[in-house]
Amino acid sequence: MKRFLKPLLVLISTLALFIASTSTTACYFWSLREPKMPESLIKRD
Amino acid sequence: MEFPERLSEKLTAVISENLEDLSERKLAEINYGIAVFITNSYKMLLIFFLAILLNIFKDFLIAFISFGALRTFASGVHAKGEWTCLPASALFFFGIVYSGMVIDLNIYVVSIIFALCFSAVLRYAPADTEERPIASRKLRKKLKVLSCFAVIALYLASAYNLGTSISSIIAFAVLVETILILPITYKLAGSMYGVGISINNKREV
Numbered sequence: 546m547k548r549f550l551k552p553l554l555v556l557i558s559t560l561a562l563f564i565a566s567t568s569t570t571a572c573y574f575w576s577l578r579e580p581k582m583p584e585s586l587i588k589r590d
Numbered sequence: 230m231e232f233p234e235r236l237s238e239k240l241t242a243v244i245s246e247n248l249e250d251l252s253e254r255k256l257a258e259i260n261y262g263i264a265v266f267i268t269n270s271y272k273m274l275l276i277f278f279l280a281i282l283l284n285i286f287k288d289f290l291i292a293f294i295s296f297g298a299l300r301t302f303a304s305g306v307h308a309k310g311e312w313t314c315l316p317a318s319a320l321f322f323f324g325i326v327y328s329g330m331v332i333d334l335n336i337y338v339v340s341i342i343f344a345l346c347f348s349a350v351l352r353y354a355p356a357d358t359e360e361r362p363i364a365s366r367k368l369r370k371k372l373k374v375l376s377c378f379a380v381i382a383l384y385l386a387s388a389y390n391l392g393t394s395i396s397s398i399i400a401f402a403v404l405v406e407t408i409l410i411l412p413i414t415y416k417l418a419g420s421m422y423g424v425g426i427s428i429n430n431k432r433e434v
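Line by line, the protein sequences give chains Y and W.
If you read the first sequence in my numbering, its first letter stands for residue 546, the second for the next number, and so on.
If you read the second sequence in my numbering, its first letter stands for residue 230, the second for the next number, and so on.
Be a bit skeptical, because a hint or two may be false.
Below, a list of computed lysine to any residue pairs in the SDA-like style, where the Cα atoms sit at most 20 Å apart [said to hold, decoys possible]:
1) Y/Lys588 x W/Glu359
2) W/Lys371 x Y/Leu586
3) W/Lys367 x Y/Leu586
Calculated directly from the structure, the hints in this document are not laboratory data.
With the hints as extra help, turn the sequences into a complete structure.
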């Protein structure tokens, strides 16, 4: 179980980071509600 | 806290236990990414399923893509709670589809709708929220330009399909999304318009 768990969690983390980073520049929230974005993802000049 | 956030926190805790080398910042971003995925996916699946049941999937897809093409860049007001979001999303999408199927718009009406939407997008897009502020001026400018291009592309698509329900559905989708970026809509929904702009102004002061 542990053998598969770690790669699976790495995959989930990578996808989650991809979604998080791309949602800083484009709005994915077509479904009209959005969770609170962490400060580190807010882009500033 | 809504259930997508609760679920994402639990999953992030499992990730944190098993992958030790992740910083607090990275974990917060993973948590957010998972919450975004859960928040969007289950509602979209439900609405897609409902569209199939109502036998309007093709028209729904046109409404969904047109609405989303503009919303991706222009953003707009969002529901505060999970259980106001689902009925609101369903109401908007099916409202757009049925209005487009019933009301046949001619080129003059389509042109007026798109001209009004273009002016509103030019003035108010991108319309961010307290949850996801767009503070960068460069990014705001880029999103405004892309929103304008999206309106033009959708106008061309609507004009090309004139005389069919597709044309009206695209026009109504753009109209609804444009209404969602107006400051008056934010006021009515109890949200704050222009959070990103105020963050930028505070930094400059």
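Quiz item: Hint numbers the structure violates, sorted upward?
Solution: When the structure is compared with the hints, none of them turns out to be violated.
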